[in-house]
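Residue numbers (the numbering used here), protein chains in the order written: chain A, 35 to 393; chain B, 3 to 67.
Keep in mind that the hints were calculated from the coordinates and are not lab data. Please note that the accuracy of each hint is not assured.
Listed below are the simulated DSS-like cross-link pairs for lysine-lysine, each with C-alpha atoms no more than 27 Å apart in a straight line [as the list claims (entries may be wrong)]: (1) B:Lys4 / A:Lys36; (2) A:Lys219 / B:Lys4; (3) B:Lys67 / A:Lys52; (4) A:Lys87 / A:Lys52.
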Amino acid sequence: MKYIDEFRNTAHTKALAKRIADIAGDRELTFMEVCGTHTMAISRFGIRSLLPKNLRLISGPGCPVCVTANDYLDHAIALARLPNVTITTFGDMMKVPASTSSLTKCRAEGADIRIVTSTTEALTLAHQNPEREVIFLGVGFEATTPTIAASLMLAYNDKLTNYSVLAAHKLIPPALEALLGGQLKLNGFLLPGHVSAIIGSNVYKPTLAEHNVAAVVAGFEPTDILRALAESLEQIVSGNYAVNVEYRRVVSPEGNTKAKAIVDEIFESCDTAWRGIGVIPNSGLRIREDYASYDAAKKFNVEVEPTREHKGCKCGEILQGLCQPSDCPHFGKSCTPDNPVGACMVSGEGTCAAYYRYG
Amino acid sequence: MKIENIDGVTATVSAAGSTIAANVMLLDEPAIGEYVLVHAGFAIKKIDEQEAAETIETLNKLVDK
Numbered sequence: 035m036k037y038i039d040e041f042r043n044t045a046h047t048k049a050l051a052k053r054i055a056d057i058a059g060d061r062e063l064t065f066m067e068v069c070g071t072h073t074m075a076i077s078r079f080g081i082r083s084l085l086p087k088n089l090r091l092i093s094g095p096g097c098p099v100c101v102t103a104n105d106y107l108d109h110a111i112a113l114a115r116l117p118n119v120t121i122t123t124f125g126d127m128m129k130v131p132a133s134t135s136s137l138t139k140c141r142a143e144g145a146d147i148r149i150v151t152s153t154t155e156a157l158t159l160a161h162q163n164p165e166r167e168v169i170f171l172g173v174g175f176e177a178t179t180p181t182i183a184a185s186l187m188l189a190y191n192d193k194l195t196n197y198s199v200l201a202a203h204k205l206i207p208p209a210l211e212a213l214l215g216g217q218l219k220l221n222g223f224l225l226p227g228h229v230s231a232i233i234g235s236n237v238y239k240p241t242l243a244e245h246n247v248a249a250v251v252a253g254f255e256p257t258d259i260l261r262a263l264a265e266s267l268e269q270i271v272s273g274n275y276a277v278n279v280e281y282r283r284v285v286s287p288e289g290n291t292k293a294k295a296i297v298d299e300i301f302e303s304c305d306t307a308w309r310g311i312g313v314i315p316n317s318g319l320r321i322r323e324d325y326a327s328y329d330a331a332k333k334f335n336v337e338v339e340p341t342r343e344h345k346g347c348k349c350g351e352i353l354q355g356l357c358q359p360s361d362c363p364h365f366g367k368s369c370t371p372d373n374p375v376g377a378c379m380v381s382g383e384g385t386c387a388a389y390y391r392y393g
Numbered sequence: 003m004k005i006e007n008i009d010g011v012t013a014t015v016s017a018a019g020s021t022i023a024a025n026v027m028l029l030d031e032p033a034i035g036e037y038v039l040v041h042a043g044f045a046i047k048k049i050d051e052q053e054a055a056e057t058i059e060t061l062n063k064l065v066d067k
């Protein structure tokens, strides 16, 4: 078992595509994939070409970089301009346009900004450079947050005093609730696989129970996505709505309890702003007061420039599923992966980036 | 990815010929030979082989219909 090839079997995908077409019939249905990795997988594997025309897949607010508001980036840039500060970040944050600059431009101006693939690399930098303050840009959903919480726990246990995190972590279930309360009409959600590996499938039940909406936690291979859609259609046809798990090899009802405990030790929930959506109650995480000396927002007093949004950019509507990338006047013209106007074109998980790359 | 070796909270994991280091402090009792989901340098969940086999069996039955 390699856990990849087995879930890309052509005979399986053909059988699933036929099953989907048979169940869907002529129903006009819209499903939202909430996770940016699903958005990329659906485009990359050509999943839409296997589906009947009356079954529509739209992308949701599941790209962490995309939903991060401009004021957070402005704050990060202000921190980067401080003397003796090294900013560490996942790479897809670099090109996101902030109000008047970006991390890439800021680095070109002389700031010390390093791309890392893990918080463990940021910790190593802090250990190796005790004279510098190493700040990690903590952006991400529930799959990534435990890795940042773990780094803070390791720093605390090692009494490492020159490491801190600028936290902007977000939670998926409150975002689903906000979407269901909005103007978008959805028949079902493909729920995120990696986020659910941590939080489990039970956590969605209170949010989704009041709505007649299909919900299946899906993996990221072609047969995963197609099987989740088939299971969603079965829920719609039967009227028995539930939170099903297709990605059972990874996702359990309770999730990863050890990771959840580490997150809970370091973070507490708070209201937070999502790009294009606005503030969603209790949809973010902030560092608890007990660990305030590791919270870059509290540790450093910096002046942050006034926030400015980019004219004409439709990232906000795209993140809510209210329009498609092709509806944006910038898409593919003034906004490309090399010169992005909006965050959705920057990240490898961004909807515009996926549509630009794969059509 | 497959756990090849464990030293404290750091494991060596491999997939498709590539080998990297991954922190395993988010897992209960990680063991050599187990497959794990690695995200941002951390193993975040063990992969359940029996569940994977059952999924493939279900898909095989769909093809045989």
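Any of the earlier hints contradicted here, and which numbers?
2
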